[in-house]
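Novice: What follows is the residue order along each chain.
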Amino acid sequence: MESNFSVKCENSVAKVKLSGRLDANNAPAFQEELKKLTSSNVSRIIFYVKDLEYISSAGLRAIIFAKQKIGAGSQVYLIGAQEAVLSVIKMSGLDNFMFIQDTYDE
Amino acid sequence: MNKNMEKLTIPAKLENLEAMLEFIVERAGTLGFDEKKKFQIKLAAEEALVNVINYAYPDKNGNIEITLTSRNNEALEIEIIDWGFAFDPLSLPEPNICAPLEERQIGGLGIHLIRKIMDEVRYKREDDRNILSLVKKL
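Just so you know, the sequences run in chain order A and B. Under this note's numbering, the first residue of the first sequence carries the number -2, and numbering increases by one thereafter. Under this note's numbering, the first residue of the second sequence carries the number 406, and numbering increases by one thereafter.
Among the clues, some could well be false.
To be verified - Heads up, simulated DSS-like pairs for lysine-lysine below, C-alpha to C-alpha not over 25 Å straight-line:
#, chain 1, residue 1, chain 2, residue 2
1, B, Lys529, B, Lys542
2, B, Lys529, B, Lys441
3, A, Lys47, B, Lys441
4, B, Lys442, B, Lys465
5, B, Lys447, A, Lys87
6, A, Lys66, A, Lys87
7, A, Lys47, B, Lys443
8, A, Lys12, A, Lys66
9, A, Lys33, A, Lys14
10, B, Lys447, B, Lys521
11, B, Lys521, A, Lys87
12, A, Lys12, A, Lys32
13, B, Lys442, B, Lys412
14, A, Lys32, A, Lys66
15, A, Lys47, B, Lys542
16, B, Lys529, A, Lys14
17, B, Lys542, A, Lys87
18, A, Lys87, B, Lys441
19, A, Lys47, B, Lys442
20, A, Lys87, B, Lys412
21, A, Lys47, A, Lys12
22, A, Lys87, B, Lys418
23, B, Lys443, B, Lys465
24, B, Lys542, A, Lys14
Worth flagging that the hints you see were computed from the coordinates, not collected in a lab.
Using the sequences plus the hints, can you model the full thing?
Specialist: Set out below in structure tokens:
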């Protein structure tokens, strides 16, 4: 299965697009990519996950890592999650700490 | 009891993860698990297999054996066996999933998901092997 991620930063907002799978195979590379954010002045991360089909704890750890690096005052958004992905987020209790929305108005 | 067993033995390498998961999910499909449960089984199996791949063998050189048993077509039992360090993943403390993300422990999340998803989870050490048994009902 094709998997992909892209990270870009505009002002203090980081936009992260995820598709395919985020698992033990590619989460380390994703986490490396997220490290770049920590040097910039980010206050909000938006994960666009409409095309993300699968996430395992390795992927969740990368998301937790990003939040921890960026800091307590930052906001995390999860946009367009499929039901299966959302259920994993909820089982892990991550839903308490992110804004979960179908869409995001720029 | 109508028991029906399949076995896969494969080097414990990350590059073999996909093949291991396919082996498990294909059988789950044959037994009639729906898409949602197949996703869950795949996730729980990945968590357990990645633990073995990353931690069981210090020199990263060893095998994983996966045994699939269907029980009266009502449940699938997945046994994940390695010959590495004695380690009971069920002995890990449950992560505090209510703690703020900033204070989250990074470990323990995988085994938490396994417990949440599967109907039974058991560990035993037998003949120098770790045997983790995961059961999901149809």
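Novice: Which numbered hints turn out to be false for this structure?
Specialist: Hints 2, 4, 15, 16, 20, 22, 23, 24 are the ones this structure does not satisfy, whereas the remaining hints hold.
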